[in-house]
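> Listed here are the chains, written in short residue letters.
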Amino acid sequence: MAIVDSPVVQDIPAAEVPDPNEDLYHAKSWVTKYLFCQDAKVIAIQYSCTALGIGLLGLVLSWVMRLQLGFPEVFSFIEPAHYYQFITMHGMIMVIYLLTALFLGGFGNYLIPLMLGARDMVFPYVNMLSYWVYLLAVLVLIASFFVPGGPTGAGWTLYPPQAILSGTPGSDGGIILMLVSLSLFIVGFTMGGLNYVVTVLQARTRGMTLMRMPLTIWGIFTATVHALLAFPALFVGAIMMTLDRLLETSFFMPVISEMGEILSYEGGSPLLFQHLFWFFGHPEVYIVALPAFGIVSDLLSVHARRHVFGYRMMVWAIVIIGALSFIVWAHHMYVSGMNPWFGFFFATTTLIIAVPTALKVYNWTLTLWRANIRLTLPMLFGLAFIITFVNGGITGLFLGNVAIDVPLSDTLFVVAHFHMVMGIAPILVVFGAIYHWYPLMTGRMLDEGLGKFHFWVTFLGSYIIYLPMHYLGFIGVPRRYFEMGETTFIPESAQDLNAFMTIVTLIVGFAQLVFLYNLITSRKNGVEAGPNPWKATSLEWQTAKTPPEHGNFGKTLPVVYRWAYAYGLPNAAQDFVPQNLPPELVATHVGNQVPDTDGES
Amino acid sequence: MIVAYAILLVGIGTVVFHFVSPWWWTPIASNWGFIDDVIIITFWVTGVVFVAVVLFMAYCVYRFRYKEGQRAEYNPESKKLEIWLSVLTSVGVAIMLAPGLWAWDEFVTVPEGTAEFEVLGQQWSWMYRFPGKDGKLGKSSTKLIDDDNPFGLDPKDPNGQDDVLIEDSELHLPLNKPVKVLLRSVDVLHDFYVPELRAKMDMVPGAVTYLWFEPIRVGTFDILCFELCGTGHYDMRGSLVIEEADAFNEWFEAQSTFAETLARISPEGEIEHKIAANAAENSF
Amino acid sequence: MTEAHVEGQQHPLGVYIKVWAWLFVLSAFSYMVDYYDVQGYLRWTLILIFMILKAGLIIAIFMHMAWERLALVYAVGVPVLAVLVFTFLMTHEADYTFDTRGTFFVESAP
Amino acid sequence: MSESTPGAIMRPDGVEGVIADWSSDQRAFKKVPWGKAMMWIFLLSDTFIFGCFLLSYMTVRMSTTVPWPPVSDIFALSLGGEPIPLILIAIMTFVLITSSGTMVLAVNYGYRRDRAKTVLYLIITAIFGATFVGMQAFEWTKLIMDGVRPWGNPFGAAQFGSSFFMITGFHGFHVSVGVLFLILIARKVWKGEFDNETRGFFTSQKGRYEIVETLGLYWHFVDLVWVFIFAFFYLW
Ligand code: HEA
Ligand code: HEA
Ligand code: CUA
Ligand SMILES: [Cu+2]
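Chains as they are written, first to last, in my numbering: chain A, 51 to 651; chain B, 359 to 642; chain C, 8 to 117; chain D, 221 to 456.
It cannot be assumed that every hint is accurate.
[Stated by the list, open to error] Taking beta-carbon pairs under 7 Å as the criterion, some of the chain A residues facing chain C (in silico):
1) W182
2) S319
3) L374
4) I377
5) M388
6) F550
7) T552
[Stated by the list, open to error] Dumping the calculated EDC-like pairs for lysine to aspartate or glutamate here, alpha-carbon to alpha-carbon at most 20 Å:
8) B:K501 x A:D625
9) B:K494 x C:E114
10) B:K497 x C:E114
11) D:K251 x C:E75
12) B:K501 x C:E114
13) B:K501 x C:E75
14) B:K497 x C:D106
15) B:K425 x A:D625
16) B:K497 x B:E618
17) B:K538 x C:E75
18) A:K585 x B:E426
19) B:K501 x A:E308
20) A:K585 x B:E431
It should be emphasised that the hints constitute simulated quantities derived from the structure, not laboratory data. Given the structure is predicted, the values throughout are model-derived calculations rather than measurements. C-beta: ideal position from N, C-alpha, C; glycine also.
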């Protein structure tokens, strides 16, 4: 407990590095201030808006997909090829262009410097480039909707040979633009990612040890490291597939007889791509999950007015999950025809990962124990996250247990699993985080009433979409089917259930529009937040101004004396003690912020 | 208050739904019942934890809701509790994993002497090939595929001459006879799955994959392609008829062999009709 | 060579020259393996040994890893294990593919 | 080698030092400037890229049933009538190693604030680098004239050509980028931008001699990758 116990502060060592960024670069013109801006906070907002914008497209695609599934043959404009293009784009947009970009580019950029007491990222210029390359990747992605043949319909997993053969929609231009867009995304992300990692490792303020960082930062940091090491596999896969498609090399292509015609490929290995893809893909799902883990810990702690339970275990769990997730990838390939021997290895590693994850879940709930829980919006989203994540994680255990995956793989059970654990749980955290940090970014609160509506509809709605979907998976209903048609084994009632899920999807979708409205109007009309409205301890709320200005803090950087979870300290004057409150003031200080960081004073 | 009830409701609702929902396994028709059992085990282990976590949360939200002036307990960690929880979880994992691995071992280990046949996938239809009297399938090559030789069999391989070719999506298998299914694709990835059999495996062009099972129930079942293979993926269906050995043999005899199809193409051509003197006992 | 830690990484030129020479020698050795047409396990072992020695020298001396604090060394070195595991597994995967091809396919042009 | 900086605490060595460094404040890699830390992490990421390239090459080579072409004969070159196997590759290897040697000298002189020598060695390094790329181009031309294409070749497995062009192409791209930066940095050193800490035109960050070391890391990495390519692609 020595590390976390804050009343007894160890010495803050003398500065090794004097405020290394005090001579900040200052923008000279409107263009460099708002458009090509190098301030991480502006870049963060650019990232977030772009990601939410493209996410909205992903959402609309999901409605169209659901319409087809719920009411087959009603919407004649949806052809099979379109359907496959929609699911592909939906999956890819949601996982990569929305969640990865939002958590790392958006939240990462905003929160890392602020929470660590840095003035900016270490390489602001590269950081800015990162956003513009990301934007370019998004534009290329959108462009693929307009090329002849449309976007690719190979599924977001892009498995060759089909991805580049003519039997799959979008195999002319669509797949190439997809691969180009992914490569651009990776290049752009790498520029940003190096910034996040180096900032965390090398640019913390005095007293901010790694073991005092808020879990948000731990989550984002580990996810970024993950991304830097996992994206290379996708990058290499994308390059090789581009070559296979354009130059007819045979990396992934064996001899193929397509529609009676023998193609010129020979000797390649389709499974190689799957390994590369999942060597990236599995870490990728944790890239999406780990920031959510971190952020939700902070949301729960702040709004339960209690420290996170078992902070050190939480940190180690993140790190262990991170490390293990590089050796579980082939659990997506149990029935891919790979070497059967792998099943034993990967099932074991996969289920081992459940142990640190389970500990995180326990610690979240134990954070609530003997707390003083305020049911604010971020808290509600946090609670809902735990439920949906446990539900989705547990179904992961079914799939991870190799023999069980045999009947369940590629059924709707898998779709239900990953929507529960990825499409809902982290999305709920995103919403909670937006309700939590919006006041910091804009100085105003989001509307509470609209927020409650948004919460209940989204949480309950999406839960009842995906819970029953598991059972369709048990029946044996396949995923990625344009329509089921006649079968001997699927009961009539399954179609009614599908229609029900579609209707709920549309209702949930409507709630998102309400959220969007709230997001836009509250910028002008929201209640003034004032400094540190949630009475939080972490540094981002201790800035001189709300919203923080360029350079984040006042003349001097804050000095950190304790961990970020000093809530309910017995001998403190109030129920929270900011990280930078000098020890001698703990017993007396009352107020939302620590006095002398108030900038100009 | 409402929130606590809502959480409670979600937890209880989930359990109730599990027991009353009309949607559940399609009745099994193969020897893989053990996989279903492992699922039931997993349901119990994870279900208990799910309910425990949700109930605990509901209780906390109800009991420790905000009161002005109240302070939360300050007690950052408890080694003892965390060790206990890790151990219990690990035990839970072991209870699920052990039977799972055992079942997988069964699944990938084909018993000696199991009869083989081949399923051939292509966009977007199924074909099947049985070994003839010799019990051996001839070698193939995708390069040899043409209209006259849709399976791409090697005409020079004596084992292939008596192979029985079924250019139709309907497959028949005899009851209670274990079979090893060799899966081959000529173009893209496909996946052979019959929900009642519980066994599926991808078909990979440029390789041959396999699975095995023993049919234990007579009936006609759907064969579906379970790996996205292009626009026609959803329409790539077949049917599997499991029947008594007599009925099967009758069907089987009516099919033609590779040699016969070759002969049909070039009647005057010399075709060596090699039939292994002693038919292997693992033939159909 | 720790005395010269005043400003960044400064080391006597002698070390660099020696390592440079060694790199030449080792490269020459690995070239000899091919030139004299050594085959089989001996070939692979020799190639690997020379490769690892060369790589080690470059990383340790030219890239100054030998003088860095272990915190950095581990941070850079440990993740590479993931690639090694991946490679190891892929050898088994490739072997398996090769075997099924040999068992079931004929190698013949139309 | 405990070292003490004014005002800093004594740092233990070895594994204890790892723990001490990682649990300290401000920075985890002591005395490592931001640029260098960034380069190391970038190189780690790049290692994964090259690792994936090489293991993909390994996988396709091991799984194809078509025999692999006789590499050492294909890369043989006739010098004075006799074909000598792999000779060009051997020369390229020596060129790259030499450039690595000159680079390390440039870094060294940079830290000694010896502007002229730094520039000299940077330029020499760039020249060797460019020579390497030139020989690579020659190699490609020769191979293409022999009929090797990304999609096939007369000597054996098609994956030989595709892997060759892809891997050496990607490596050559790294070398070329390195040459560009060598010239760029040489120019900056020459103009004294690192002595008076001029701010970069784009980045508006101060120029420092550390940049030479950072660039050095990149250059040695390119050499390092070649060691593996040489072993696995040409010799194996
Ligand atoms: C955020 C994303 C995310 C997360 C966190 C996870 C988490 C997990 N996933 Fe999931 N998964 C996906 C996203 C994610 N997954 C996606 C996108 C796909 C499909 C891709 C595609 O094919 O398109 C997929 C597919 C997928 C498959 C492949 C299925 C198939 O295609 O056949 C498998 C198989 O092993 C799997 C397993 C797991 C496991 C074991 C976990 C574990 O990490 C879960 C751990 C969590 C818990 C276990 C819950 C908490 C624990 C407790 C409360 C204690 C109770 C536990 C015990 C008693 C042990 N997932
Ligand atoms: C994070 C990832 C994510 C998210 C959020 C979603 C959200 C949804 N998804 Fe999707 N989905 C995937 C990832 C995701 N999905 C992936 C990877 C696939 C596989 C593709 C493939 O097979 O190749 C898939 C496939 C998939 C299918 C299967 C298609 C098939 O196999 O035939 C279906 C069918 O119902 C579906 C439906 C939905 C629905 C109804 C929603 C939602 O409507 C659920 C409820 C909505 C919300 C909770 C709100 C979400 C909010 C936003 C997206 C932010 C929007 C921005 C603003 C409000 C500003 N998705
Ligand atoms: Cu064949 Cu899907
Ligand atoms: Cu996974």
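> Does each hint hold? Answer for all of them.
Here's how the hints hold up against the structure:
{"no.": "1", "hint": "W182", "verdict": "violated (28 Å)"}
{"no.": "2", "hint": "S319", "verdict": "holds (6 Å)"}
{"no.": "3", "hint": "L374", "verdict": "violated (10 Å)"}
{"no.": "4", "hint": "I377", "verdict": "holds (6 Å)"}
{"no.": "5", "hint": "M388", "verdict": "holds (6 Å)"}
{"no.": "6", "hint": "F550", "verdict": "violated (43 Å)"}
{"no.": "7", "hint": "T552", "verdict": "violated (40 Å)"}
{"no.": "8", "hint": "B:K501 x A:D625", "verdict": "violated (76 Å)"}
{"no.": "9", "hint": "B:K494 x C:E114", "verdict": "holds (19 Å)"}
{"no.": "10", "hint": "B:K497 x C:E114", "verdict": "holds (10 Å)"}
{"no.": "11", "hint": "D:K251 x C:E75", "verdict": "holds (9 Å)"}
{"no.": "12", "hint": "B:K501 x C:E114", "verdict": "holds (9 Å)"}
{"no.": "13", "hint": "B:K501 x C:E75", "verdict": "violated (57 Å)"}
{"no.": "14", "hint": "B:K497 x C:D106", "verdict": "holds (14 Å)"}
{"no.": "15", "hint": "B:K425 x A:D625", "verdict": "holds (12 Å)"}
{"no.": "16", "hint": "B:K497 x B:E618", "verdict": "holds (17 Å)"}
{"no.": "17", "hint": "B:K538 x C:E75", "verdict": "violated (58 Å)"}
{"no.": "18", "hint": "A:K585 x B:E426", "verdict": "holds (14 Å)"}
{"no.": "19", "hint": "B:K501 x A:E308", "verdict": "holds (11 Å)"}
{"no.": "20", "hint": "A:K585 x B:E431", "verdict": "holds (17 Å)"}
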